[in-house]
Amino acid sequence: MTLKLFLVLGLLGGVLSLQSIKDTPRTKSLRYSISGSISNLQSLAQAVGLPSYFSLQVTHEREMRDGNVKTRLQLTYNGLPVRNYALRATRNSNGNFVGEVRGYYPNISPALDTSASVNDQQLKKATAQYVKDRTIRQDVGEIKANDIDDFTTQKQIYINPSTGAASVVYFCKGFITIPTFFRNPKVLYDIASGQIISGSILVRFASSESDESGEVNKRNSCPNVQGGNEKLGVFNYGSGSNEICLDVQRDGDKCTLAGDNFVVLSLDNSYDKKKAKTVSFKCNKGPNDSINGAKSPSVDAFYAAQSVFRLLNSYKANPLVNREPLSIYVHYGENFDNSFSNGKDVFLGDGSELLFPAPSGPDVVAHEIGHAVSAAYGKLQLGPESHTVDEAFADITALVLMRSIGLASENDWLIGATITKQAGESLRDLQNPSNDDFYIDNTKYLGAITAPGQASGIISKAFYNALQPVVSAGQTKKIAYRDLYESFLQANIIEWNEDSFLADAAVGVVNAAGDLGLDTGIIIAAFEAVGVNVRDFL
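Start counting the sequence shown at 1; every next residue gets the next number (the working numbering).
A hint or two may mislead.
[What the hints assert, rightly or not] The list that follows gives simulated cross-link-like pairs (lysine to any residue, SDA-like), each with its CA atoms no further than 25 Å apart:
| hint | residue 1 | residue 2 |
| --- | --- | --- |
| 1 | Lys277 | Asn411 |
| 2 | Lys124 | Arg31 |
| 3 | Lys124 | Ser35 |
| 4 | Lys477 | Asp519 |
| 5 | Lys274 | Gly333 |
| 6 | Lys477 | Asn411 |
Derived by calculation from the structure, the hints in this document are not laboratory data.
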């Protein structure tokens, strides 16, 4: 049995269907086999036949098992990124492009004027109004531009998927947190019309340092503290053979919950992150923050985050290397039975009568970091189908994390069972997503849903399907869970776009699996079983 918590779903805001980027009018498919030596992007753009008004920009790269580097090449027009349009290519160890280049490109008039601009304050006001117009609650008062924190904008070219028309837009995003009210607005502001043409207000739920002497702070200090909750049991952290070492920062007898890629901060039951403080304590005593049946949510949050980033590092796929650390806020609000991410931060509540504190479930923390991974790679930002893919990726990340740290067997497909107080309940079931009559596990039910997160079970079920043994010609074939997760992770890095459709996301997983040498037939069949006929979109 699953609880219908874990994410603020919001209204659907669009119709989910098996649309593909290739269905966009005036969009052309590109496949080109490289012959000869090509090492620079301008020569590559000319060789593959891109119109002269396009340029290519490397946004993400990932080293493959054979030593080659898979590369995502963003299309740009007059220096502006063309949203959702990129090519995928491969470089060898000498830096030359080899093999096949593939992707899609739109037809844009060379006369499209990109010179007009809009100031940030006007964009912020428009974003605040967009949130206000879509808020039915009356207790939050007037939503103003100053209520939006972490506001950023980027000028882009947007191709309307229904008409193929190109327009110059600003992609704006920020975070609103008023006590008990939080929204993560992301909008496309069309310069020509002065209107927001697409958007969402949904929140996505479920380097050493030197001290004053110049010496590097000691790591691997393994403070002796306890975590866990009354359901999961006690976690013993420390340096012993049966204990879990926490790689915290240490200065004398002071331990600080900061890792290379993240930092844990306590809100002390506030909703205002400006009041948060980095969690520090005497190493032999612990932070003394037990609450609601959990020994130490702050320590547990550190353990979960440490484990997730070690998992990502094992794939050489950590998006936060040499970037600003992820802020993980514990003790968010009062009796808050949930957790969420705005892509830059993770917020974890202390639960109440239904749930133990969110940090005491490593899979719950991993789910939220999964959202942050997608955000760091700049993917899955807008649109109900993109939201669906993001939720599924976060759930899959949570499951893989639990298996990698030994808290889930190969027959365990539940997410969040570690923090539910009632026996037999969980927050997700990847084997049977629809067992609560809320999530769906097949595209034939898309017309019945009211929130995009409900469709995440389609991809989760496909993940489950792809891990099942397949008997063919008297032989049993099976994909290892770590290998399958790598194909999803690589799809997120290289294949998926800012607003990927569900079908295109599935194609991306298949393409990534092929690049990794996995049996794509098994994965195609896994998606077909949930109603996504990948061959129709290849």
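Here is how each hint holds up against the structure:
Taken as a hint, the Lys277 and Asn411 pair is broken in the structure, with Cα atoms around 40 Å apart against an allowance of 25 Å. At most 25 Å may separate the alpha-carbon atoms for a hinted pair to count; Lys124 and Arg31 exceed this at roughly 40 Å. Between the alpha carbons of Lys124 and Ser35 the distance comes to roughly 48 Å, so the proposed pair goes past 25 Å and is violated. Restraint check for Lys477 and Asp519: satisfied, since their Cα atoms lie roughly 9 Å apart, inside the 25 Å limit.
Restraint check for Lys274 and Gly333: satisfied, since their Cα atoms lie roughly 13 Å apart, inside the 25 Å limit. For the proposed pair Lys477 and Asn411, the alpha carbon gap of about 17 Å is at most 25 Å, so the pair holds.
Comparing the model with each earlier hint shows violations of hints 1, 2, 3; every other hint is respected.
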